[in-house]
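Trainee: Chains D and B, in that order, are what the protein sequence lines are. Going left to right, the first sequence walks through residues 1 to 96 as the working numbering numbers them. Going left to right, the second sequence walks through residues 1 to 129 as the working numbering numbers them.
To be clear, the hints were calculated from the coordinates, so they are not data collected in a lab. By construction, the Cβ of each residue, glycine as well, lies at the ideal position given by its N, Cα and C atoms. Please note that the accuracy of each hint is not assured.
[Claimed, not checked] Facing chain B, according to a computed beta carbon distance under 8 Å, are these residues of chain D, among others:
#1 R51
#2 I61
#3 A67
#4 L70
#5 K71
The primary structure of each chain is shown beneath.
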Amino acid sequence: MPSAEDLRQRIEASIPGARAEVEDYTGGGDHFRATVTAAAFAGRSRIEQHRLVYEIFGAEIGGPIHALSLKTQAPQQSTADAPAEDASAPQPTTTT
Amino acid sequence: MSSTNPTSELPMSPGQQAPSAGPTPAGESNPIREAISEAISEHKVILFMKGTPEAPACGFSARTVAALQALDTPFAAVDILPDPRIRQELSAISDWPTIPQLFVNGELLGGCDIVTEMYESGELAEALV
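Kindly generate the complete structure, drawing on both the sequences and the hints.
Mentor: What follows is the structure in structure tokens.
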């Protein structure tokens with residue numbers, strides 16, 4: 001059974017320079033939510049960005065990984081070395 | 001505007017099961033894939049989902065339906081659950097592994113995450129014009 005940490009490591013190992021945060025949001029080891037920041041996403045559509053992540057897991061998506069909810073973004077250009085949270089877009093701490 | 005969503009019928013009643021369950025090799029006639037492609041090209045907005053807009057069978061599908069309904073968008077919907085080959089062929093066409101999948105003007109717009117993000121940013125309303 002994959003863990004959020006497994007997924008994080010695989011995403012960061014597969015996409016050069018990627019920073020990932022992965023959450024197992026049911027605690028069951030099969031529903032995950034990931035936020036991925038990577039320079040490789042720059043200039044790509046959301047669809048292409050998500051495909052880059054989905055490709056890492058192949059047939060595991062829909063298999064052992066029932067759900068992988070994604071939020072992808074390219075690093076802020078002015079803070080490429082430190083992909084800090086964008087203060088202008090605060091994330092709610094609770095989601096529906 | 002009516003919120004009734006026509007459910008697109010793909011020609012795959014249970015009585016018409018093909019002998020093989022796997023994706024059809026290239027070059028052979030593939031009626032399911034052709035029916036899906038046809039449905040995508042015939043409907044400006046079409047959602048492939050688990051369950052129906054009235055009774056979604058998955059939270060991700062439900063959330064995507066809710067975004068479309070919040071914009072009062074008419075859309076066709078296809079339930080992928082009755083036959084596993086629908087999902088196989090759909091993902092082969094779209095190169096997208098998860099359900100739901102929303103197509104607008106023949107192009108994959110996204111799954112639940114992207115549609116939700118676009119709804120919240122206002123981009124979904126623009127994409128559906």
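Trainee: Evaluate each hint against the coordinates.
Mentor: Now the hints, each set against the structure:
no. : hint : in the structure
1   : R51  : 7 Å, holds
2   : I61  : 4 Å, holds
3   : A67  : 7 Å, holds
4   : L70  : 5 Å, holds
5   : K71  : 7 Å, holds
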